[in-house]
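Chemist: Each chain, written out:
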Amino acid sequence: MVDDAGTTADRTADDTAGNGTVPSGRVLLSIESVSKRFGDLVALSEVDLDVHEGEVVVVLGASGSGKSTLCRCVNRLETVDSGRIVFDGRDLPQEGAALAALRADVGMVFQSFNLFAHKTVLENVVLGPTRVRKVPRAEAVEEARALLDRVGVRDKESRYPAELSGGQQQRVAIARALAMHPKLMLFDEPTSALDPEMIREVLDVMVGLARDGMTMVAVTHEMGFARRAADRVVFMDHGRIVETGEPDAFFTAPRTERARDFLSTILRH
Amino acid sequence: MHEVVHHLGYLAAGLGTTLELSLLGFAGAFVLGTLLTVMRVCPIVPLRVVGTLYVEVFRNVPLLAFLVLFVFGLPDAGITCSLFTSEAVCLALYFATYVCEAVRAGINAVPVGQAEAARAIGMTFGQSLGTVILPQAFRTMVQPLANVFIGVVLSSSLGAAVGVSELIGRTQWLDLQYDEPVPTFLLAAAGYVLVTLAVALLAGRVQKRMAVRR
Ligand SMILES: Nc1ncnc2c1ncn2[C@@H]1O[C@H](COP(=O)(O)OP(=O)(O)OP(=O)(O)O)[C@@H](O)[C@H]1O
Ligand SMILES: [Mg+2]
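Going down the list, the protein sequences come from chains A and B.
Residues 1 to 269, numbered by the UniProt record's numbering, are exactly what the first sequence covers, in order.
Residues 1 to 214, numbered by the UniProt record's numbering, are exactly what the second sequence covers, in order.
By construction, these hints were calculated from the structure, which means they are not laboratory data.
In this text the structure is predicted, and so the values were computed from the model without any measurement.
Please note that a few of the clues may not be correct.
To be verified - Partial selection, computed: residues in chain B whose CB lies under 8 angstroms from chain A: (1) E20; (2) G113; (3) A117; (4) A120; (5) I121; (6) G122; (7) M123; (8) T124; (9) V132; (10) P135; (11) Q136; (12) T140; (13) Q207.
Claimed, not checked - Covered by chain B, according to a simulated footprint, are these stretches of chain A (three or more residues, beta-carbon under 8 angstroms): (14) 101–107; (15) 114–128; (16) 175–188.
Said to hold, decoys possible - Here are the simulated lysine-lysine pairs, DSS-like style, with alpha carbons at most 30 angstroms apart: (17) A:K134 x A:K119; (18) A:K119 x B:K208; (19) B:K208 x A:K183; (20) A:K134 x A:K183.
Just so you know, even glycine gets a beta-carbon here, dropped at the ideal spot from N, CA and C.
Take the sequences, apply the hints, and build the full model.
Modeler: Here you go:
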């Protein structure tokens, strides 16, 4: 409870002052006292979080603290039990075409890439725009190639996902999400299934995105990324947000005991 | 023996009818079975219930009983069609449940992340099923579907019991004419083995070709 009060105070401070990196844009995503349980297990408990246009928020926390669940609630891969989520000025649609349209506006990158296994790299990127946005194929192909270029896998366009390294697959997955021109990108531990040498190539793409002004919510324990690209760090514990702050302040001087414990465990590895 | 050999053409025509029945029956079963699966996995509850009920009912009645009811019951209800058509429809309705089980197993073999990725880029239920899930599911289903087809071929012989002149029907007729059960039924059996072997071979080929690109 005491922590909650602290969090709210922080957020106001961030919104108004900050170190100049916090954008003053309007609120794009607003999560208001969202709770979610799986049976008896409380995965999210009264979570509040506002994300502004152009802002990059990094979510941290121990395994099982609810980071993935939070991301998945934002594009309604998981439904919430209570509270509300407002995206781009509208409550999340319940189902049907409106929900599909919302998801088209929210890009998601998964830990396990989830590229369409039966489609080539190019087709993976083209599928969404042509099927969902009804973009003419030639136009979609042209843009897909530009995106593959941007993430550095243009030369693999006619390969199948299984023929690519993990890092390459994840970059294609980012291109696939970007092809939809999302207003918000969600990353759920995009590098934790990757070998160390591939982590960097994915993080570089993400940093580039952040620099270009993409609004992002990224679950990642990559402190380098958080320091380079994040405007704000959110620390979760047992389904609650227990601390938020600027990356440097958070990593050098976390205010809560839980965050200190957590940081000492990830620093040791 | 000699007499029977003279009637090879007659038997071959029976095999032809068997094949036609099987192909039509299987095609119908494939379409209906896929539709049933879509109903059973879709988010609309009444459709799910209907799909499940259908499968439960048809799987728990012997095909022969169903065939007899169908062939003799329909005219009573004022619907008349040829014996051939009746049996083809019957096979389709009946084997749809087997196709349904095969497709469901195929869908379950597709990692759940594939469906989530499809939904996450804004695909509707139908789009994700049609462009992402089913195409991948069918790859794992070649062998199970081939087994269903073989089931249809063998079960089409039940048509003999209601007077369809397919391979077994004709075999019985020859047997009655010449009282040569062993050679006639051996010939018929050879016909079925030929077809099922061909199907198994073809399925193996198709499976291999699908495995290459992925
Ligand atoms: N589909 C589900 N069914 C039941 N329990 C679930 C489900 N998804 C998540 N949980 C539980 O909810 C809690 C929060 O899970 P979540 O995946 O959000 O944690 P996380 O912070 O992402 O963890 P990790 O770092 O391991 O990915 C966990 O205890 C998890 O076991
Ligand atoms: Mg997680």
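Chemist: Taking the numbered hints from earlier one at a time, note which ones the structure violates and give those numbers from smallest to largest.
Modeler: 1, 12, 13, 19
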